[in-house]
Amino acid sequence: MSKEIAATQSAAPDVSVIVPVHNVAPWLVDCLSSILDQDVDHEVIVVDDGSTDDTWSIVGEFARRDPRVRAVRNIGKGGAQARNYGVELARGTYIAFADGDDIVPRHAYSAMLDAAREDEADMVVGGFFKFYTTRTWHPTESWSAWARRRSATTLDEHPSLIRNRACWNRLFRRDFWIGQNIVFPTVPRSNDVVPMTKALVAARRIAVLPETVYLYRNRPGSTSMSSRASGLASFESYLRQELASCVHVGSVGSLDLMREYDDLVIARDGWVHLRNFLRSLAVDDRVDDPDLGAALAEISSVIGELLSRLTDRMDKRADARTRWVWGLARAGRWAEAVRLVTDPVSVLVTEEPLAFPSPAGGKAVPVDEKDHRRVLSSLLVEATDPETPVSGETVERLAKHAGLFGRLYPASALHWHSAAVQLLVLAIQTGNADTVRAVLAQKPLKISEVQLTVRDKRAVLSATVSPVSLVSAIAAQTAQGTSRHQFASTVVDAHTGQIEAATEVGSLPVGRAFVRVRMQHELGAVDVVVSPTIAHDDRSRHVFRSETNRQVHINPGLAKRLLAGPRRGAHAAKSLLRRVVRP
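Residue numbers are given in UniProt numbering: position 469 of the sequence shown equals residue 469, and the series is strictly consecutive.
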């Protein structure tokens, strides 16, 4: 078969879509069909990078049937070279990239092309979905730059644009791409991190579309790039690409952008790469391999150079455990870093004082009890998940250190955790491994379906406790500072676990208060903060909700006026909404 299978077009298209492919036969038909089903004038340049399955024959068949498809063999080797070669061949005014196992939603390119023309944009970037075998994820929903349509903006104006550095959910003006000399580097991993960062920094006009323009397939398996991301060479490649990106970001001179980038490296992308690398060392059991010593020392050096370029707020951009792992990696203490990621209980459940190096460098910093408790609590949450098996060795270790849990979890600290975590801590504090094992074996204790309703001048709390067989006495309370007020009555259905507690509205505390449910278990009291729905009686449509673990503002005067009539009730509702829902 020839090196190129193509049909000529008489005029240059509006968009050139570049698709590097390598052994993606099972998904390629869906990918190319979705790209061809776009309502724009476009060409599709498919660059095969040495496929050994049916990929090339599938591409050839598409090229023979559709003159818009151009099938070529990569003149180099690797996905980066394939993309660069595609850019060389592109004739469109704009260029886009897609991977051969993904899907482009209908109208995606027309939406981006319209935005590019309207804004005279160097680049258009849209929202995207990642879909896995069991779940989906829409990352751009949580990034402020994608909250609405943005016209002719810049990275400086919307720093959260730096969080997305994939090449496939965007459209570029081809003369901008060539003029900025943007190329994909031939590296083992993360070959789009630097060019996308460079493009974001250089672009003077960026259009942002909140709608989804790309569907990314996360597929496990030996041929997936994601599955090869954790090796030593790949991790070092990522770090060096990140270091180069850091230089580009720093050139903007924006503190807000640099802080956004701090978070991206320390707590997001960088953390995922570091964690996966440490897990791969544990799986291969190579952390103590002397042959790796020089390579790991080099990686520690690159980490140190990268972290030294971040801001002085770096240590505040991640949770304590993440900071400790970065600090250990920077200091070259790889065995401890591996254990802190793969078996944190063995590191953290100890009576000995803990100290870890800071990511910023310097001597080891003693771990205070608040950070120690916070990280242990996250591990206990995982342990109470029925889907997470807990080894017998871990159970024995937890029970052995009852004194540690007694010191870190006095009642004043314990009662801010979930019912399941409280019960597990109470079991650990007995020092009896069988008790710990029994608590982990049963269904986790929890309070759910919580609602607080103002009805006939009475506040009524309804909720469900499960399993109800684990507890005896149950009482609802409000807590304000150190004072508690118990609801006048609490009724529990012993079969369904339904709780209904009531008290006069006038007896509720004015101002900031928590609503709690206190349950008696054979191991001790479990006292849970609940986050209720604030509502009034069925005659009104207004319902106010507060988010989980947020403080609840209860004002009985406003609650009473809600019952007074439509006009006064509407005014009171707006005021109560402001008081109730704010964090």
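These are computed hints drawn from the structure, not numbers from a lab. Careful: at least some of the hints might be erroneous.
Said to hold, decoys possible - Derived DSSO-like pairs (lysine-lysine); straight-line CA-CA distance at most 30 Å:
id, residue 1, residue 2
1, Lys400, Lys457
2, Lys316, Lys363
3, Lys446, Lys400
4, Lys77, Lys130
5, Lys370, Lys446
6, Lys370, Lys443
7, Lys370, Lys400
8, Lys130, Lys316
9, Lys457, Lys443
10, Lys370, Lys316
Tested hints:
Restraint check for Lys400 and Lys457: not satisfied, since their Cα atoms lie roughly 51 Å apart, outside the 30 Å limit. Under the criterion of a C-alpha separation no larger than 30 Å, the hint pairing Lys316 with Lys363 is consistent with the structure, at around 18 Å. With a C-alpha separation of about 26 Å, the suggested pair Lys446 and Lys400 falls inside the 30 Å cut-off, and the hint holds. Proposed proximity of Lys77 and Lys130 is supported: the alpha carbons are some 27 Å apart, at most 30 Å.
Under the criterion of a C-alpha separation no larger than 30 Å, the hint pairing Lys370 with Lys446 is consistent with the structure, at around 24 Å. Taking the CA atoms of Lys370 and Lys443, the gap is near 28 Å; set against the 30 Å cutoff, the hint holds. Restraint check for Lys370 and Lys400: the C-alpha separation of about 21 Å stays at or below 30 Å, so the hint holds. Of the pairs offered as hints, the one joining Lys130 and Lys316 holds, with about 28 Å between alpha carbons and a cut-off of 30 Å not exceeded.
For a cut-off of 30 Å, the pair hint linking Lys457 to Lys443 is broken: about 37 Å separates their Cα positions. Taken as a hint, the Lys370 and Lys316 pair is honoured in the structure, with Cα atoms around 15 Å apart against an allowance of 30 Å.
The structure fails hints 1 and 9 (numbered hints given earlier, in ascending order).
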